[in-house]
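Residue numbers (the numbering used here), protein chains in the order written: chain A, 6 to 491; chain B, 6 to 491; chain C, 6 to 491.
No wet-lab data here; the hints were simulated from the structure. Backbone N, C-alpha and C fix where the C-beta goes; we use that ideal spot for every residue, glycine too. Warning: the hint list may mix true and false statements.
[Claimed, not checked] DSS-like, lysine-lysine: derived pairs with alpha carbons at most 25 Å apart:
no. : chain 1 : residue 1 : chain 2 : residue 2
1   : C       : Lys404    : A       : Lys404
2   : C       : Lys240    : B       : Lys404
3   : A       : Lys331    : B       : Lys346
[Said to hold, decoys possible] Sample of chain B residues facing chain A (criterion: CB under 7 Å; computed from the structure):
no. : residue
4   : Gln110
5   : His111
6   : Ala351
7   : Glu355
8   : Thr368
9   : Pro382
10  : Tyr466
11  : Asn467
12  : Arg470
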Amino acid sequence: MTSPLRLDPDRLFPAEARTREIARTLYGSVATLPIVSPHGHTDPRWFAYDQPWDNAAELLLQPDHYLFRMLYSQGISLEALGIPAHNRPGRADPRAAWRLFADNQHLFRGTPSRLWLDHVFAEVFGFDVALGPDTADLYYDRIGDLLTTPRFRPRALYEQFRIELIATTEGAHDTLEHHEAIRASGWMGRVVTAYRPDAVIDPEHEDFRPALARFAELTGEDVGSWRGYLAAHLKRREAFIAMGATSSDHGHPTAATANLSASQAEALFAKVMHGTWTSADAELFRAQMLTEMARMSLDDRLVMQIHPGSVRNHNRWLHGAYGRDKGADIPGRTDYVHALKPLLDAFGNERDLSIILFTLDETSYARELAPLAGHYPCLKLGPAWWFHDSPEGMRRFRKMTTETAGFYNTVGFNDDTRAFLSIPARHDVARRVDCAFLGQLVAEGRMKDWEAEELIIDLSYNLVRKAYRLDEAPTRPVVPAKAVAA
Amino acid sequence: MTSPLRLDPDRLFPAEARTREIARTLYGSVATLPIVSPHGHTDPRWFAYDQPWDNAAELLLQPDHYLFRMLYSQGISLEALGIPAHNRPGRADPRAAWRLFADNQHLFRGTPSRLWLDHVFAEVFGFDVALGPDTADLYYDRIGDLLTTPRFRPRALYEQFRIELIATTEGAHDTLEHHEAIRASGWMGRVVTAYRPDAVIDPEHEDFRPALARFAELTGEDVGSWRGYLAAHLKRREAFIAMGATSSDHGHPTAATANLSASQAEALFAKVMHGTWTSADAELFRAQMLTEMARMSLDDRLVMQIHPGSVRNHNRWLHGAYGRDKGADIPGRTDYVHALKPLLDAFGNERDLSIILFTLDETSYARELAPLAGHYPCLKLGPAWWFHDSPEGMRRFRKMTTETAGFYNTVGFNDDTRAFLSIPARHDVARRVDCAFLGQLVAEGRMKDWEAEELIIDLSYNLVRKAYRLDEAPTRPVVPAKAVAA
Amino acid sequence: MTSPLRLDPDRLFPAEARTREIARTLYGSVATLPIVSPHGHTDPRWFAYDQPWDNAAELLLQPDHYLFRMLYSQGISLEALGIPAHNRPGRADPRAAWRLFADNQHLFRGTPSRLWLDHVFAEVFGFDVALGPDTADLYYDRIGDLLTTPRFRPRALYEQFRIELIATTEGAHDTLEHHEAIRASGWMGRVVTAYRPDAVIDPEHEDFRPALARFAELTGEDVGSWRGYLAAHLKRREAFIAMGATSSDHGHPTAATANLSASQAEALFAKVMHGTWTSADAELFRAQMLTEMARMSLDDRLVMQIHPGSVRNHNRWLHGAYGRDKGADIPGRTDYVHALKPLLDAFGNERDLSIILFTLDETSYARELAPLAGHYPCLKLGPAWWFHDSPEGMRRFRKMTTETAGFYNTVGFNDDTRAFLSIPARHDVARRVDCAFLGQLVAEGRMKDWEAEELIIDLSYNLVRKAYRLDEAPTRPVVPAKAVAA
């Protein structure tokens, strides 16, 4: 038994007729605007070498921890989904994994994954029947066939998706070779990197030592000295900027910042290097480094993104057996008002500094984040993140931040994904939710229609360009001149 | 002056016409489904001996702390409501108490108590005028009369309410004699117990010592030794299972768990037994016992329910004068992400373990509970609990858990009540709120109608049977064979 | 280019037609009810001396930290807005400041400031074009002209606004001379004070020492002794009551209370006086003083207001350069369940004590505040406060408190503002939001229409009079007899 797949053109708009009409009109003006994706986790190799993907399971299921964590929560093993444990390298048949996924579509009812998948299936692959037990093979085969065609190569999809810019995220110890390759290729797409130095900043990161070694190697600096370590950051930031970076990104367990004296910082760094640090020292070092990063941003203008509050690798056994990013990161309570004070005491009133704050703790929206962003010139609010990048999550974000921070202390949408094919779906959901939100404000006499018309363009396009300083890019050409000529 | 009492057949459905129509249709398919009540606090004596209740005040007002706490908050004494202090055994005239209640109906506007009461008054007792000063005596008299009739006896109401199963909750030191009596009676109703060992686990419980003594007596174990204490739990769990239990229940101040070594646990237990424990020791012992209970569940398959986060007996004077459960339990902030880690590190990936998490701290819904349940195979989310068992509370539960945990990591509804007559009302509210929620998803193009039709049956009936393992019951016959024959 | 300014008569009502109709009908019965403003920060000099305001910037922009903090957050300097730093007394041209404000109206989209401003512009000043770059001068000039006319003097506006009572807030060390002047003037307006002793209670307050000195001077008590210090409070409370006060107000960093023995309290006080206190001592002293204030309230019947949870002066540099109340107070997490216990253990069951609780931490609404107010006779819930005094904030307040605390443990609306001209706008927003909330309850069959009709009057008018004991006032005549005669 199959059921039809048809995207409701009014999806995510309020049911009430007048509000829906307003939302629909607003959406008409942004539905086809270019996608600007300033923060995400796509693989630069896709754009550098433009190789086809292999099959539906590899492309859509196995990299998407939103999907396999839900299946795992219902007792399905990761092996059966084609995600092998470290010590058991055998890989499940991808078709069998796909069928298991198809059999369990009901688990995704009411989740954003369902909205994104339906959009990908209908709009990208052209299906008109829903995925389910009876259509698993149909899906698997048709997707497999399409992936062999030129229009399903990464660069073709980039263009088809109307992407204007996409940022990937690389560690401070990354060579950026794939970004070099993209530039050298002469392809017109604008793929930029972002500076994510967590592995060389966090003594508790499992890759801290090897990452530091690579960091030293790539920079030629003595990263065992505080001065050399900071110089290495400066060099790598410069290298990232040369690969289009306009932002850094910091995923610490908390939002703690510190502003130690130079000698205190140096002493702390020495402890970290000698491996004599405690967990409190590690926290203090991460805290100090956020302030150091802010200081560097004042010079090189990288926008700082702070993504705190995730307890990474919460499932000890799973982490040991399968590694990171397996759907086992769980948010905890996160304080901002005290945590950010040292950094803000140092640089909070600098108009040339730009820090974008994210949270997994929605209780901070109205209580801390909106008041902070509605006051400090250097602060902006990133969009609803990760577990909250969903219709209800985005709606709570707007409802709990707008009245204090307004719209203009926000920065547009981040898709924040490694699921490349879902990018148009994600931006579409965000735009629709904003249209619905503005539609309600207009319908309730809280905003004029012409204001909403201006705002929806700002929320969908202008704010992200401004917040991520993308229009400062001309001084750092993304596409080599010859490519432009071609 | 009286006003009519008439239940709106569309109550709790959204006002918008199309959404309401969808909700109404969904409701049509679940309105008369049997009630499965896997967690509650009704008195097994009612079903064992089937004696009539005495009067309206004793049946409806005096056992319901939702009602008398609200009256107390407005300056009405508990004595006047017929709830005597320990040292003043005199009891108020029940009719006078009822009149006081009737005079203050306005206090319940906008509360779920009002929804439940109206349902009981209209549907169970057949009133068509509202309770108020002018109808207090009418109500009191008619209810009194009806309670003398056979169809208002407990078993008759059980049947009239279409209850398929109801669980009571007994302490580890309870004899279960009333459950024995129910079984011996040959009555067909399925009344089961649940294992609630708080009083023998929590050194800070006021009944800890006497409860332990009974626990020893009932099991014949040396509960002063760690080995004997654990053996006593095993024996009692077995006895509870014989009385139909499929779950245990744990109402600790926090969700803390621990996983001590055997020798550490034994040493801690010795402190607890010798009365040399600190408050931190008590917390650690409770934490350790959750892990012990999980370990036992792996063998005997009791589903664990964890109900943490209430500061019990917050009102010192009232607790001294009137005792427990007088509406003075106040929730506090509750952490899950760190608290549950020791237990989850031990057993989190066991597919045969089932733990149902509840919260009084709604901030944990989207931040901690949904991500935990959306990953760990052993975790499910209990429904909105206690203060949040209300239309807005249930709606927040769905809005804040569904996008990350989905619907299938939830377990249906718990009425969790000692107010037996309100059970149909409570299940009706839950079903209506779910119909409204699904109705909105369908109306906004976020779910297909056929998916909502399947889901509403699952949410109202199937999930609870599965989550509480009620269909494993055939191996543990509830009704003696001769009763079945009769 | 200009756009019209027209207030939607149905603003803030739900879009759905039937719900809107109910809300509109309810609003009709309260739209023109008198304004009772029991808590706010208007300047008593306005009413004492009835002098005209100077210009639009001075009246509407410079005292309103909601407005200038938003402009500051977008990089506009306070100097440019006419708010000078301490050490640079030069003041910007008020017209230039106003133009800057006019140019940035888009920043206020979706904020309550926009609702209030539009109401002031349209209803108070009669504008029919919106404020913007092209109308900045029109606004500035017309407002300037109107302010010179008699009907824009403070007392005339008080009457035009249908204010029945307004409370200002004065420190314990205030002379109350302006309140004396109001009474001596024979004017009929009822302007009362409220007792706000923070500066003489909080050792960490920047004015603690000078405030204490004034406190001693005004009372003639030896405020260096515990006994004298308490006696001074009693005297000043009496003086405030003579100036119409029916409430005290306490803005501590937390809601902590304590109940020390007399000797402990005296020893703590000695530390505070000798300047040998730690930050923990300061917290404990503030905590103890809340309990002392409650004890005094039992005698003199002042209603206590507790406004905790703001981290004042979060921006260190700005505080140093510009001083307090510059939009840099940021809320933090606030506990009530443990914090209030010592005070409640002492006086929680006193029916003659009335404590109104406020919060900036909305997570406490459903979790702690509603359960506390729904049980303790002495507790009531203040309305949505500060950052949450907004349509969404008020709506969250009702949704998260009503089901547990009901409506009758709340106290009506506080405008809490120094922006005098916005007072009618603020009460209007509150009434409309309540009409919308009740309208939804009625439309969804959760409340009868006649109940909503009673309730909206209670929420808009009766509850505030009762909660603030305004009807006990006849024993303390506000208006001298001769004035009444006149």
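Let me know if the C-beta of B/Gln110 comes in closer than 7 Å to any C-beta of chain A, holds or violated.
-> violated (32 Å)
Does the interface hint hold: is B/Pro382 within less than 7 Å of chain A, judged Cβ to Cβ?
-> holds (5 Å)
Holds or violated: A/Lys331 with B/Lys346, Cα cutoff 25 Å?
-> It holds: about 17 Å lies between the C-alpha atoms, which stays within 25 Å.
Answer holds if the nearest beta-carbon of chain A is closer than 7 Å to that of B/Glu355; otherwise answer violated.
-> Violated, because the Cβ-Cβ distance from B/Glu355 to chain A comes to roughly 10 Å (cut-off 7 Å).
Quickly compare the C-alpha distance for C/Lys404 and A/Lys404 to 25 Å and report which way the hint goes.
-> holds (14 Å)
Cut-off 7 Å, beta-carbon criterion: hint that B/Asn467 touches chain A | violated (12 Å)
Is the interface hint for B/His111 satisfied, with its Cβ closer than 7 Å to some Cβ of chain A?
-> violated (29 Å)
Is the hint on B/Thr368 kept, meaning its closest Cβ partner in chain A is under 7 Å away?
-> holds (5 Å)
Is the hint on B/Arg470 kept, meaning its closest Cβ partner in chain A is under 7 Å away?
-> With a minimum Cβ separation of about 16 Å from chain A (threshold 7 Å), the hint on B/Arg470 is violated.
Would you mind confirming whether the straight-line C-alpha gap from C/Lys240 to B/Lys404 stays at or under 25 Å?
-> violated (53 Å)
Given B/Tyr466 was flagged as interface, is its beta-carbon under 7 Å from a beta-carbon of chain A?
-> violated (16 Å)
Verify the interface restraint on B/Ala351: the C-beta must sit less than 7 Å from at least one C-beta of chain A.
-> violated (9 Å)
Checked against the numbered hints above, the structure violates hints 2, 4, 5, 6, 7, 10, 11 and 12; every other hint is satisfied.
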